[in-house]
Each structure stands twice: as C-alpha cells, then as structure tokens.
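Keeping their order, the protein sequence lines are chains A and B.
The first sequence begins at 1 in this note's numbering and counts up by one.
The second sequence begins at 1 in this note's numbering and counts up by one.
Mixed in with the good hints, there may be bad ones.
Unchecked claim - Computed Cβ-Cβ distance ranges for the label pairs, DEER-style:
1. B:His111 <-> A:Gln89: 25 to 35 Å
2. B:Ser168 <-> A:Arg67: 47 to 57 Å
3. B:Leu98 <-> A:Lys2: 23 to 33 Å
4. B:Glu4 <-> A:Thr41: 38 to 48 Å
5. A:Thr42 <-> B:Ser17: 56 to 66 Å
6. B:Lys64 <-> A:Val107: 35 to 45 Å
What the hints assert, rightly or not - Listed next, the in silico DSSO-like pairs over lysine-lysine satisfying Cα-Cα at most 30 Å (straight line):
7. B:Lys52 <-> A:Lys21
8. A:Lys21 <-> A:Lys116
9. A:Lys106 <-> B:Lys64
10. A:Lys106 <-> B:Lys74
The hints are simulated quantities; they were obtained by calculation from the structure and are not laboratory data.
Glycine residues also receive a C-beta, built at the ideal position from the N, C-alpha and C atoms.
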Amino acid sequence: MKILIVDDEIEFASTLCQRLKLRKYEVTEAYSGAEGVAAITTFSPDTILLDLKMPDMDGLELLGIIRRQLPQTKVIMLTGHGCREAGEQALTMGASAYLMKPVDFKVLLTTLEETKR
Amino acid sequence: MAKESEEKQLREQQIESYGRLMAGLSHDLKNHLGIIRESGGLIEDMVEIHGKSIDSALTESLQKMTATIEKRVKVAAEMLHHLSSFAHRADSPESSVLLGDILREEAAFLHRFARMKQVELHIETEEEVALVTSPTLLHHLIYRIFLFALEQLQTGERLTIAVEKGASRGQITFSARKAALEGEFPLEEYRHALVAVKGTAMVKNGKVILEF
Chain A
1 MKILIVDDEI EFASTLCQRL KLRKYEVTEA YSGAEGVAAI TTFSPDTILL DLKMPDMDGL
61 ELLGIIRRQL PQTKVIMLTG HGCREAGEQA LTMGASAYLM KPVDFKVLLT TLEETKR
Chain B
1 MAKESEEKQL REQQIESYGR LMAGLSHDLK NHLGIIRESG GLIEDMVEIH GKSIDSALTE
61 SLQKMTATIE KRVKVAAEML HHLSSFAHRA DSPESSVLLG DILREEAAFL HRFARMKQVE
121 LHIETEEEVA LVTSPTLLHH LIYRIFLFAL EQLQTGERLT IAVEKGASRG QITFSARKAA
181 LEGEFPLEEY RHALVAVKGT AMVKNGKVIL EF
C-alpha cells in the first residue's frame with residue numbers, strides 16, 4: 001500500500017513514516033499543502049494521511065483537491081483540533097476516517113487496513 | 001442599561017479570546033505529544049527489531065521507558081481533549097449542551113484541586129440533561145461552587161458532583177459523604193452568570209444545588 005503523509009510537523013511526519021516503513025508500507029512525506037498537491041500526482045498514493053491544519057493550506061481544501069484529482073484515493077484526516085465538527089465535515093467531504101492527535105498507532109494501523117477494503 | 005450591555009459584550013469578548021487562545025495552545029500541545037508518542041513508538045519498534053542483538057537489561061529498561069512514555073502521553077492526551085472541548089465552549093455565548101459533557105470536561109481539571117486537599121472527587125453524569133445555556137459561564141459557576149464546597153471539607157472527605165433531572169429542567173448537585181454543606185453561596189456576586197446560564201444556586205439539605 002502506498003501512503004502519503006501530509007503534515008507540516010516534520011518530526012511527526014518523518015517518525016510516522018519510519019514506523020510505517022518498518023511495517024512494509026511504501027510511504028512518502030509532504031510538509032505543506034503545496035507539497036501535498038505535488039505529491040499526489042507524482043506518488044499516486046492509495047491512502048493519504050492528511051493534517052487538518054497547515055499554515056499554507058487548510059486540510060479540507062486539500063481534501064477537496066484530492067477528491068477531484070484522485071477520487072479512488074482514501075483519505076484519513078489527522079487532527080489536533082478539539083472541535084469534532086471539523087472531523088465530521090471531512091467525512092461528509094469524502095474522507096474515510098478522522099483520527100485525533102496524538103494518534104494511537106495501533107488505531108492508525110487498523111484504520112489503514114480498513115481503507116484497503 | 002447601556003453600560004450593562006457594554007459590560008456584557010466586553011465579558012463575552014474576553015471569554016471568546018481566552019477560549020481561542022486556549023484552543024490554539026491545546027492544538028499545539030497535541031502536536032508536541034504526537035511527536036513524543038511516535039518517537040517513543042519508534043524506539044519500541046527498534047527494540048523489537050534489534051532486541052536480540054542488544055543487552056537484555058538495556059532492552060528491558062528501554063521497554064519500561066517506552067511504556068511510561070505511552071502511559072503518560074495517553075493521560076496527557078485525555079486531559080488535552082477535555083481542554084480543547086473546554087476551550088471550544090467559548091466559540092458561542094450560548095449553545096445547546098448536555099450537562100454531563102460540561103461536567104466531565106470540567107472534572108478533568110477539578111480533580112487536581114481536590115487531590116491537593118486530599119478530598120476524593122466523584123463525578124456522576126449518568127442522567128442526560130440537555131439545556132440551551134452559556135457553557136463558559138456554566139463552567140465558571142461549577143468551578144466557583146466546587147471551591148465553595150471544597151473549602152468546607154476536611155481531608156479524607158469525598159465530594160460528589162452529580163447531574164440530576166431534578167424537579168425542573170435539571171440540576172447539578174454538590175454533596176459530601178460525611179459533612180453537610182452549609183453557608184450562603186454569594187448569589188449576588190454571581191448574579192450575571194446565573195442569569196446567563198438561566199439557573200439559580202442554593203444550599204439545601206446539606207447540598208449545594210445549581211438548578212436550571
């Protein structure tokens with residue numbers, strides 16, 4: 001499974017990337033919305049782990065772009081935002097799931113496997 | 001009247017600002033926690049992969065450390081979750097809330113005050129009571145009544161804060177296991193807040209009741 005992580009927290013994205021690679025996933029990272037837009041065409045991920053709040057682009061805005069460009073790609077929103085409404089909104093916009101930060105890695109793995117189905 | 005309305009507007013603006021600042025802070029803290037959690041997890045992964053080639057005492061020690069990191073991150077994440085909910089209550093001056101949700105998110109912070117006084121805090125939120133009210137001022141009142149009750153309790157006591165259906169729309173009661181709560185809650189001091197939450201507070205039969 002090819003996974004793209006889009007998160008402006010570089011240490012978070014890179015550590016998560018290493019952990020997923022150890023579990024044989026093919027993973028790449030993007031540290032901004034703009035990098036994320038570029039990576040969805042060059043990398044063609046099966047699943048995207050997408051941060052809700054980034055300085056250059058709102059995660060929901062990027063979700064809209066992904067839905068238009070890669071409708072088959074699954075998106076799991078990662079949010080540190082306390083307001084559940086944002087997560088719920090992401091679901092209505094086509095995200096497969098949303099997970100609250102700090103993400104429970106076991107829950108993330110289960111969610112990733114569920115997106116395969 | 002104009003002055004009162006101006007003061008009300010000022011209070012609402014202050015609350016909204018504090019809420020936004022607190023929400024931003026809790027968002028940032030969650031990001032830090034996320035990095036700590038994943039870094040701890042990565043150490044755990046490394047130990048699992050390379051465990052056989054490193055000293056068993058070191059392996060055990062690293063496993064203990066990563067377990068402690070994970071345990072503490074979970075506790076901190078739970079607290080931050082409550083802090084975020086708490087902060088977002090300031091998004092609007094009035095909204096529809098469940099009393100149980102309000103009490104649970106506030107309890108996450110009240111436990112510390114109770115612990116400092118060696119009083120056991122017990123929260124009961126089984127009853128579902130929905131209200132349209134000012135959530136931030138409700139938090140404020142719960143906190144003040146909690147302090148009013150706590151001041152009267154001795155070490156080793158147990159304070160119960162419960163959501164109840166009550167005779168009217170619903171109520172929050174504060175009661176102690178041994179002592180009867182008494183004295184006069186300074187209603188005048190909290191008049192604005194009581195009006196905003198559409199409630200009243202009273203000391204009755206050894207309990208403090210915040211009734212709606």
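Going down the list of hints, with the structure as the test:
1. B:His111 <-> A:Gln89: 25 to 35 Å: Holds: the Cβ-Cβ distance is about 32 Å, inside 25 to 35 Å.
2. B:Ser168 <-> A:Arg67: 47 to 57 Å: At roughly 48 Å between Cβ atoms, A:Arg67 and B:Ser168 fall inside 47 to 57 Å, so the hint holds.
3. B:Leu98 <-> A:Lys2: 23 to 33 Å: For B:Leu98 and A:Lys2 the Cβ distance comes to about 42 Å; the hint is violated.
4. B:Glu4 <-> A:Thr41: 38 to 48 Å: Given about 59 Å between the Cβ atoms, the range is violated.
5. A:Thr42 <-> B:Ser17: 56 to 66 Å: Hint violated: Cβ distance 43 Å, outside 56 to 66 Å.
6. B:Lys64 <-> A:Val107: 35 to 45 Å: 23 Å, violated
7. B:Lys52 <-> A:Lys21: 21 Å, holds
8. A:Lys21 <-> A:Lys116: Holds, at about 17 Å.
9. A:Lys106 <-> B:Lys64: It holds: about 19 Å lies between the C-alpha atoms, which stays within 30 Å.
10. A:Lys106 <-> B:Lys74: Cα-Cα ~13 Å, so holds.
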